[in-house]
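> Now for the letters of each chain:
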Amino acid sequence: MKPNPSTIVCLLIAFASLGLSGCANVGVKPWEREVLAREDMQPDTNRMDTAFDDHIYFSKEGSSGGRGFGGGGCGCN
Amino acid sequence: MAEKDKLIGGALAAACGLLTAGTPGSSAAAESEPKWDLETGFLYYGESDDRVKDASLSALAIRDFGDERKLSLGLTVDTLTGASPSGAISSEAPQTFTSPSGRGTYTTPAGEIPLDSSFHDTRVAASATWSQPFARLYNFNAGLDLSTEFDYQHLGLNAGVTRDFNQRNTTASFAVAYGTDKVKPVGNVPIPFAAMSDAVNEDDDAPLPGRGADSEDKDVLDVLVGITQVLGRHTLLRLNYSYSDSSGYLTDPYKILTVVDPITGDPVVRTPPPGVEGPSGVYLFEHRPDSRTRQGLYAELRHDFSGKVLQLGYRYSTDDWEIDSHTLEARFRVPFGASNYLEPHVRYYTQTAASFYRYSLTDGVALPEFASADARLADLDTWTLGLKYGHQTVRGNEWNTRLEIYRQTGNLPTRQLIGNQLSSAQMPDFDAVILQFSYHFKL
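Order-wise, the sequence lines are chains A and L.
Take any residue in the first sequence, note its place counting from 1, add 47, and you have its number in this note's numbering.
Take any residue in the second sequence, note its place counting from 1, add 305, and you have its number in this note's numbering.
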C-alpha cells in the first residue's frame with residue numbers, strides 16, 4: 048500500500064488547524080506554569096533513556112522513529 | 306568568561322547563518338554564567354541464548370550560551386557481540402553455512418534456528434546541534450551526526466524551526482533530516498538471490514562467487530511536523546506527523562533464505578565438492594526493494610497527579626512495504642522521600658509482515674521479485690516491562706538506574722508453510738535484558 052500524497056496533505060492541514068485555531072482557547076496564563084515548568088514535565092525528560100531505546104527498537108523492529116529522528120544510522124543486525 | 310562565551314556563541318550562530326542581534330532579552334541574558342548540562346550513561350543489552358549483546362557508553366553535553374542559545378554534543382560507543390539469526394530455517398539435520406567473509410564455515414545443530422556467530426562490531430556515533438531563537442516566538446536548530454562501524458558509515462544533517470502561539474501554550478515545529486549511509490559488507494555486497502558459495506582459503510584474494518561491489522549507498526530523508534499543546538496547568542499534549550523516504554541499498558547483506566523441498570518443506574540438501582567446505586543446503590541471499598516510504602503519527606500525553614507524572618504514548622506507522630505498526634507506551638513517575646522516584650515502564654509493539662517476507666523459498670518455483678526471511682520484517686509482537694529508580698543528590702545532580710525485560714515473539718506465516726514446516730517451523734523469538742545507569746550533572 049503506497050501512502051497517498053493526499054493523505055499527507057490532509058494530515059498536515061489537520062495538524063495546522065488543531066494548533067492554530069482549535070487550541071486557541073486552550074492553555075494557561077503565564078503565572079499558572081508552576082507545574083509545567085518542572086523538569087519531570089518537560090518533553091525531553093529521560094533523554095538518555097529515549098536515545099538508548101530508539102537505538103534498540105530501531106535494531107529489533109520493522110518500523111522506527113515518530114517521536115523524533117532518533118535511532119537510525121546503523122547497520123544493526 | 307561570559308564575554309568569551311558570547312563570542313563563541315556568536316561564531317556558532319554565524320556558522321548556522323543566523324543573526325544574533327535583536328534576540329529578545331539578549332542584553333540581560335548575556336550577563337548570566339554559561340553552564341554545561343551533562344548526562345552520561347552506560348547501557349547493557351543482552352539477549353537470551355548467547356545472541357546479541359551490546360555494551361554502550363554515551364555522553365550528552367549541552368552548553369548554554371545565554372539567550373536560549375545552546376550547543377548540544379553527543380558521543381556514543383557501542384560494542385556488539387553474539388549471534389544473530391541469519392534468516393535460514395531450522396532443520397532436523399545439522400546445517401553448515403559459509404560465514405559472511407566466505408573464508409570459513411559454521412554448523413548449526415539439528416532442530417536449532419541458525420545463528421550467525423561472526424557478529425562483532427564496534428560503533429562510534431557523534432552528534433552536534435546548535436539551537437537559538439531568531440525572532441520573537443521562533444527558534445531554530447541545526448545539527449549533524451555521524452557514525453562509523455566496521456562495515457557501515459552514516460552521515461546526517463538536520464534542521465528544524467519551532468514557533469510559539471497562544472501565549473506560548475502552543476508550539477508548532479517543523480524539522481527535516483537527511484542521512485547518507487554507506488554499507489561495506491564483509492566479503493563484498495551479495496548479488497540478489499545469489500546462492501551462498503563454498504568457503505575459500507583464508508589467503509585466497511579472488512572475488513567470492515555471488516558477490517559484487519565492495520559497497521552500496523543508502524539515502525534517507527525524514528520530515529517531522531509537530532504540535533505541542535498545553536491543555537491545562539497539569540497536562541501537556543504532543544502530536545507528531547512523520548514522513549520518511551529511504552532509497553538505495555535497503556537489503557541486509559548478511560541475511561539469507563532457505564530453499565526447501567516443495568513436498569516436505571525441508572531444506573534442500575547439498576554436498577560440497579570433495580575437499581571443500583561449504584553450505585549443506587541451498588541458501589540464497591535476500592533481496593529487498595530499493596525504496597521505502599513510511600508515514601507515522603505519534604501522540605504523547607503528559608499529566609501531573611499532584612507530583613506523580615503519567616506519560617502515555619501511542620505511535621501508528623505505515624509504509625509501502627506493508628509493515629503497519631502500533632506502539633503503546635506508559636511511564637509513571639512516583640516520587641518518594643525527599644529526593645527519590647520510582648518509574649515503572651510498559652511498552653507494547655505490534656507489526657504486520659512486510660509484503661515480501663518469506664519463511665523459505667520453494668525449490669523449482671520461480672523466485673519472487675523481492676524476498677527476505679529477516680524475522681524483523683515478520684508479523685511480530687514485543688513487550689517491554691521495566692522499572693527505573695532515580696535519586697537526586699544534595700547538589701541537585703541526579704543518578705538513576707533502570708532494569709527492563711524485552712520480549713519479542715514472531716507469529717508464524719502459517720499460509721506460507723508447507724509439508725513438515727507445519728509442525729516444525731519456529732520463529733527466532735528471544736528475551737532480552739536492558740540495564741542502564743545514568744548520571745546527570747551540571748558544571
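Incorrect hints may have been included.
To be verified - Here are the simulated DSSO-like pairs of lysine-lysine, each with C-alpha atoms no more than 30 Å apart in a straight line:
1. L:340 <-> L:747
2. A:76 <-> L:487
3. L:523 <-> A:76
4. L:523 <-> L:487
5. L:358 <-> L:487
6. L:358 <-> L:613
Said to hold, decoys possible - Here are the computed distance ranges between Cβ atoms for each label pair:
7. A:72 <-> L:615: 41 to 49 Å
8. L:441 <-> A:72: 15 to 23 Å
9. L:617 <-> A:77: 21 to 29 Å
10. L:460 <-> A:91: 51 to 59 Å
11. A:77 <-> L:674: 52 to 60 Å
12. L:615 <-> A:77: 18 to 26 Å
13. A:72 <-> L:645: 25 to 33 Å
Everything labelled a hint here was simulated from the structure, so no lab data went into it.
Here a beta-carbon is modelled for each residue, glycine too, at the ideal position from N, C-alpha and C.
> Could you run down the list of hints and mark each one as holding or not?
Cross-check of the supplied hints:
Distance hint between residue 340 of chain L and residue 747 of chain L is fulfilled; the C-alpha atoms sit about 7 Å from each other, no more than 30 Å. Annotation: proposed proximity of residue 76 of chain A to residue 487 of chain L is violated, straight-line Cα distance about 50 Å (limit 30 Å). The straight-line distance between the Cα atoms of residue 523 of chain L and residue 76 of chain A is roughly 47 Å, outside the 30 Å bound, and the hint therefore fails. Distance check on the hinted pair: residue 523 of chain L and residue 487 of chain L sit about 6 Å apart at the alpha-carbon level, within 30 Å; holds.
For the hint linking residue 358 of chain L to residue 487 of chain L, the alpha-carbon distance of about 24 Å falls within 30 Å, and the restraint holds. At roughly 34 Å between alpha-carbon atoms, residue 358 of chain L and residue 613 of chain L are farther apart than 30 Å, so this suggested pair is violated. For residue 72 of chain A and residue 615 of chain L, the Cβ-Cβ distance of about 24 Å falls outside the hinted range of 41 to 49 Å, so the restraint is violated. Under the hint 15 to 23 Å, the C-beta atoms of residue 441 of chain L and residue 72 of chain A, about 22 Å apart, fit the expected range.
Take residue 617 of chain L and residue 77 of chain A: their Cβ atoms lie about 26 Å apart, and the range 21 to 29 Å holds. At about 24 Å, the CB distance of residue 460 of chain L to residue 91 of chain A disagrees with the hint of 51 to 59 Å. Between residue 77 of chain A and residue 674 of chain L the CB atoms are about 59 Å apart, so this pair conforms to the stated range of 52 to 60 Å. Take residue 615 of chain L and residue 77 of chain A: their Cβ atoms lie about 25 Å apart, and the range 18 to 26 Å holds.
Between residue 72 of chain A and residue 645 of chain L the beta carbons are some 39 Å apart, a value that contradicts the proposed interval 25 to 33 Å.
Checked against the numbered hints above, the structure violates hints 2, 3, 6, 7, 10, 13; every other hint is satisfied.
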